[in-house]
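**Student:** So the chains spell out like this:
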Amino acid sequence: GAGVSQSPSNKVTEKGKDVELRCDPISGHTALYWYRQSLGQGLEFLIYFQGNSAPDKSGLPSDRFSAERTGGSVSTLTIQRTQQEDSAVYLCASSLEVSGNTIYFGEGSWLTVV
Amino acid sequence: GQQVMQIPQYQHVQEGEDFTTYCNSSTTLSNIQWYKQRPGGHPVFLIQLVKSGEVKKQKRLTFQFGEAKKNSSLHITATQTTDVGTYFCAGPSTDSWGKLQFGAGTQVVVTP
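These protein sequence lines are chains U and F, in that order.
What the first sequence shows, in this note's numbering, is residues -13 to 100, in sequence order.
What the second sequence shows, in this note's numbering, is residues -5 to 106, in sequence order.
Honestly, I wouldn't trust all of these hints.
Quick list of in silico lysine-lysine cross-link-like pairs, DSBU-like style, CA-CA up to 30 Å [said to hold, decoys possible]:
id, chain 1, residue 1, chain 2, residue 2
1, U, Lys43, F, Lys64
2, U, Lys(-3), F, Lys30
3, U, Lys43, U, Lys3
4, F, Lys30, F, Lys51
5, U, Lys43, F, Lys51
With the Cβ distance kept under 7 Å, some of the chain U side facing chain F (calculated, not the full set) [said to hold, decoys possible]:
id, residue
6, Glu0
7, Gly2
8, Asp4
9, Gly28
10, Leu29
11, Tyr34
12, Thr88
13, Ile89
14, Phe91
15, Trp96
Facing chain F, a subset of chain U residues (Cβ under 8 Å, in silico) [to be verified]:
id, residue
16, Gly14
17, Ala17
18, Phe31
19, Pro41
20, Gly94
Just so you know, these hints were derived from the structure itself, not from any lab.
From the three backbone atoms N, C-alpha and C, an ideal C-beta is built for every residue, glycine too.
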């Protein structure tokens, strides 16, 4: 596609429920990133993919968070048993390759846990 | 681990004035990138600097990469209300290949 596409754009969920956030990167981009941004805060790195593999999962906040990427394209970030502190904007980004390339962000998925 | 720091955290500017925001890395960077995030929006790429001492201009914005490739600055002249937003610098992480390490950002507020 023309840009990074994320869905849903907004999600309100009850505490304890699972949520799935989807990211469709720019066509041809091999690298895909997930960042989290709490209200008024900076960008917190979560995970990145090179192709379908995730060399660095160190940013995932807890074992309730997982991510996968299939076919070198679409990625899904799953949050199990959501907590109120998970409320944030989840930003996906992609780049042609890893290692210092410009990354292009999607518009984000705004998650609110009530 | 590697740290990327930005100062100031907040910048209140009168329309028409100039200001500079700074980015400092604890490690040498192969390149540095700047992004702008408008209120309610997502970060958008502005520019990438690669060479030591490099200076690039985009209209009223001037970006500079330090000689030691550990710091960078963004200078905006004749600030306009369209300059409102948060400006992030980012550099390749030395802790984790492939990760882009962002600074905390400088939030710019423009008073008409």
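**Student:** Tell me if the interface restraint on glutamate 0/U is satisfied: Cβ within less than 7 Å of some Cβ in chain F.
**Tutor:** 25 Å, violated
**Student:** For the hint on tyrosine 34/U, just tell me whether its beta-carbon gets within less than 7 Å of chain F.
**Tutor:** 5 Å, holds
**Student:** Using Cβ atoms only, decide whether leucine 29/U comes closer than 7 Å to chain F, and label the hint accordingly.
**Tutor:** The hint holds - leucine 29/U has a Cβ within 7 Å of chain F, the shortest such distance being about 4 Å.
**Student:** Please work out if lysine 43/U and lysine 3/U have their alpha carbons no farther apart than 30 Å.
**Tutor:** Holds. Lysine 43/U to lysine 3/U sits at ~23 Å (cutoff 30 Å).
**Student:** Can glycine 2/U be said to touch chain F, with a Cβ gap under 7 Å?
**Tutor:** 28 Å, violated
**Student:** Double-check isoleucine 89/U for me: the hint is only fine if its C-beta lies closer than 7 Å to a C-beta in chain F.
**Tutor:** 6 Å, holds
**Student:** Taking the closest Cβ pair, is aspartate 4/U under 7 Å from chain F?
**Tutor:** 25 Å, violated
**Student:** Can you confirm whether the C-alpha distance between lysine 43/U and lysine 51/F stays at or below 30 Å?
**Tutor:** This hinted pair is violated, its Cα atoms lying about 36 Å apart.
**Student:** Holds or violated: lysine -3/U and lysine 30/F, Cα atoms, limit 30 Å.
**Tutor:** OK: lysine -3/U and lysine 30/F at ~25 Å, within 30 Å.
**Student:** Just to be careful: measuring from the Cβ of proline 41/U to every Cβ in chain F, is the smallest value less than 8 Å?
**Tutor:** 6 Å, holds
**Student:** Regarding the pair lysine 43/U and lysine 64/F, is the alpha-carbon distance no greater than 30 Å?
**Tutor:** 26 Å, holds
**Student:** Threonine 88/U was flagged as interface toward chain F. Is the shortest Cβ-Cβ separation under 7 Å?
**Tutor:** At about 5 Å, which falls below the 7 Å cut-off, the nearest Cβ of chain F leaves the hint on threonine 88/U intact, so it holds.
Of the numbered hints listed earlier, those contradicted by the structure are 5, 6, 7, 8, 15 and 16.
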